[in-house]
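2 protein chains.
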Amino acid sequence: MIGGDAAGMSAASQARRLRGPDELEIVAFERGHFTSFSACGIPYWVGGDVDERDQLIARTPEEHRARDIDLRMRTEVTEIDVAGGRVRARDVDSGDESWTSYDKLVIATGARPIRPDMPGVDAPGVHGVQTLDDGQALIDSLTRTRGRRAVVVGAGYIGVEMAEALIKRGYEVTVVNRGSEPMSTLDPDMGRLVHEAMEGMGITMVDDAEVTKVHTGEDGRVRAVATEDAEYPADVVILGIGVRPETALAKAAGLPLGAHAGLLTDLSMRVRGHENIWAGGDCVEVLDLVSGQERHIALGTHANKHGQVIGTNVGGGYATFPGVVGTAVSKVCDLEIARTGLREKDARRAGLQFETVTIESTSRAGYYPNASPMTVKMLAERRTGRLLGVQIVGREGAGKRVDIAAVALTAGMTVEQMTALDLGYAPPFSPVWDPVLVAARKASTAVRQGS
Amino acid sequence: MIGGDAAGMSAASQARRLRGPDELEIVAFERGHFTSFSACGIPYWVGGDVDERDQLIARTPEEHRARDIDLRMRTEVTEIDVAGGRVRARDVDSGDESWTSYDKLVIATGARPIRPDMPGVDAPGVHGVQTLDDGQALIDSLTRTRGRRAVVVGAGYIGVEMAEALIKRGYEVTVVNRGSEPMSTLDPDMGRLVHEAMEGMGITMVDDAEVTKVHTGEDGRVRAVATEDAEYPADVVILGIGVRPETALAKAAGLPLGAHAGLLTDLSMRVRGHENIWAGGDCVEVLDLVSGQERHIALGTHANKHGQVIGTNVGGGYATFPGVVGTAVSKVCDLEIARTGLREKDARRAGLQFETVTIESTSRAGYYPNASPMTVKMLAERRTGRLLGVQIVGREGAGKRVDIAAVALTAGMTVEQMTALDLGYAPPFSPVWDPVLVAARKASTAVRQGS
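So the protein sequences, as listed, match chains A and Z.
Going by our numbering, the first sequence opens with residue 2, and the numbers climb by one from there.
Going by our numbering, the second sequence opens with residue 2, and the numbers climb by one from there.
For the record, the hints were derived by calculation from the structure and aren't laboratory data.
Bear in mind that the values here come from a model prediction, so they are computed numbers and not experimental data.
C-beta: ideal position from N, C-alpha, C; glycine also.
It cannot be assumed that every hint is accurate.
As the list claims (entries may be wrong) - Once the Cα atoms are required to be at most 25 Å apart in a straight line, the calculated DMTMM-like pairs of lysine to aspartate or glutamate come out as:
#, chain 1, residue 1, chain 2, residue 2
1, Z, 443, A, 135
2, Z, 169, A, 397
3, A, 443, Z, 104
4, Z, 443, A, 397
Claimed, not checked - A short list of chain A residues far from chain Z (calculated; beta carbon distances all over 10 Å):
#, residue
5, 82
6, 94
7, 115
8, 162
9, 435
Okay, chain A solo, but in the shape it has when bound:
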């Protein structure tokens, strides 16, 4: 196993469940200090919702070793010799290198954050938030710094979650974003709702702006970030621009990569064309079941599923990962943001004709306390009425409603079929027509009238 995080160690654990140490020797290489940690939890640790780093560690190296996994920490695999069936690994501290042979190989090298190539990006006070070490460095930096101005570069999931974390720590937060609206995984009209809500929380939103330089003070620490047009004072800067698959090793070994630089696998997470090599987690591309195209989505829940599937197959069973529909949910303070399936531009790119509807509803019966507004946007294919995608922006109770659409997408339902879905109803949980059904009704009407 190359990589000791979600995908790699899930695979190791599952394989071990199926095959004892007499039947299967498992060696896992991890170049960092931690195994099986929740990177998704870092914003909540920084924001103070989670007290201690160790709460984010699902399983420690010792726990893995207690299950007869030969886990080699701080050991980086530097070469895969596919023909020879072996990997070369280097002890990060000593620099010693050695070869280890394998019958079966699992690549779970994850992703690495995109770090813009600009002056000052390596200055103290500029932080990424991918690893627990990153998180600790940021928390230390925030504790040391007296200033209270933070700039978040990027307005995707990490960007908005870090904006919340910094708000909770009492910072004045500016989010600088290259796109026309935050959350480019939504259509711009839905991103606009996020923009407005974040401004309502006192966050300064700068759209259509690329950070080109980090200015440092006399002490060498960040003091501002600059775009082409403006300068934003900053005592701390968070980079949340996104990640790329960490596949240099796989590429050098001649393994197949896709258009997004992720490893390409088959249904059982086997690397294409390689009988005894599997790959999963943030380093692979996954099939989008709605568009039929490969995508790169770095998300812990997929990594865990991949690991489970790989471990079953490595352990001699059979399991598959059919693909994704692109579901994601996030929040900034009390704003919940969710999406699944195709955006308008994805649908256009896929050559689909479609109808788009947007509705306003509430999370509970209108008369019930704390019924909060939500906006649901739905895309349906024009002639067939097939559901293509859903986006939701609202408050408490809005986000996880996207699961209804995620299952419907997986099942290939039409929006008309969705109008009859038997969803849970009681006044504290939903209006008598669930907001997703209200959207489905409107989409169904649009499809009928449009066809």
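Using the hints, position chain Z against chain A.
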């Protein structure tokens, strides 16, 4: 339209949307004082979560009339003359009767609460909670009464919701229940969790007990209820035993009723064998898509869907209501209770071989604040692995997760297919494996091992 509540008036409104008054004359008869009200909201009005009765009225008689619906309030239909295409209606106040002819008839007569035939059941202080008048009478009674002891008869949805309402009003609440556990729509093992949680709220739970008598004081008002074995002092008694379809009128007219005394319809909600008569809401039986059998489920969300479908068909369009999977969600204080599909006894009755699994998980990532425990039970058909049912008992965030299973049931998914569902994940919303997926994984393993 016979009946001016959810099904009837939804049908009237939808038909009017499709056909103007020049094309379609719509007459609606309602024997009560209100139209289109939320009976499901009454417990929250009694409990004080909803301030005023009128908040529960979605649309008043005046609003319906403004849409050119000839709504005749306090007018009870006493006979349907199917052969003659006419109904006889009586003015409840004056007693005057007259015939009205129809080209198309919609029966939406609802359900009536089961009122046990026992001494004292009509005494002051004994209340049903089906109509707004019932709710007002109860609130008046609670306001007048000095005593603080309440007995709720029945531990289904209405029973547990009324228990919450009375707790909120500061009553000592006893729930007397005929079944072995509360919530007989769950399997007893899951009902047990509800029992324990309700006891934890200070509610006295009396299972396996049938109320046989209401004792009254010298003032004629209720003072206690008696079972075979015991007596429970009561200053107020709520009857929440369930409802039966209100189909005496339909039966007298020779229309087809099912085993549960509900009207039988086809896919378009037409009464079977009658080209120009539709029926919907609490007075009909619906097809259970999982068992293939007819059931009677009184639920506002179904009634609204029926009305929508009927209105479309009456208005000259075409719409269908395929059936239900039996989804329901409820809460008692902070306990959320949800179910969909078949219970063990339903599956046995349907002659199915099945596996049952139960898992414990949490509503959010374990390290995230307010991650609350939940129990998920899942039934899967033995050889096919087809999902048969899900029951959930937990706290905030538990209940609406049942929608995932409701959609999967509708789509006929297997539990193995469910393990790959792309559900929304982020630490504030879910563990990395959503509890429903954890159950699906365990069920999938059980199916593999069992087959």
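Problem set entry | Given as non-interface: residue 162 of chain A, which should sit over 10 Å from chain Z by C-beta | violated, 8 Å
Exercise. Are all C-beta atoms of chain Z more than 10 Å from that of residue 82 of chain A?
Worked result: Per Cβ check, residue 82 of chain A is outside 10 Å of chain Z; nearest 33 Å; holds.
For this session: Measuring Cβ to Cβ, find out whether residue 94 of chain A lies farther than 10 Å from everything in chain Z.
Result: About 29 Å separates residue 94 of chain A from the closest Cβ of chain Z, which puts it past 10 Å; holds.
For this session: For the pair supplied as a hint, residue 443 of chain Z and residue 135 of chain A, confirm whether the alpha-carbon distance does not exceed 25 Å.
Result: violated, 35 Å
Exercise. Do the alpha carbons of residue 443 of chain A and residue 104 of chain Z lie within 25 Å of each other, as the hint requires?
Worked result: With Cα atoms ~29 Å apart, residue 443 of chain A and residue 104 of chain Z exceed 25 Å; violated.
Exercise. Can we trust that residue 435 of chain A is non-interface, i.e. its beta-carbon lies farther than 10 Å from all of chain Z?
Worked result: With a cut-off of 10 Å, residue 435 of chain A comes too close to chain Z, as the shortest Cβ separation is near 8 Å.
Problem set entry | 25 Å Cα cutoff - pair residue 443 of chain Z, residue 397 of chain A | violated, 30 Å
For this session: With 10 Å as the threshold, tell me whether residue 115 of chain A passes as away from chain Z on beta-carbon distances.
Result: Per Cβ check, residue 115 of chain A is outside 10 Å of chain Z; nearest 20 Å; holds.
Problem set entry | Restraint check for residue 169 of chain Z with residue 397 of chain A, where alpha carbons must lie at most 25 Å apart | holds, 23 Å
Violation of the numbered hints given earlier is confined to hints 1, 3, 4, 8 and 9; the remaining hints are satisfied by the structure.
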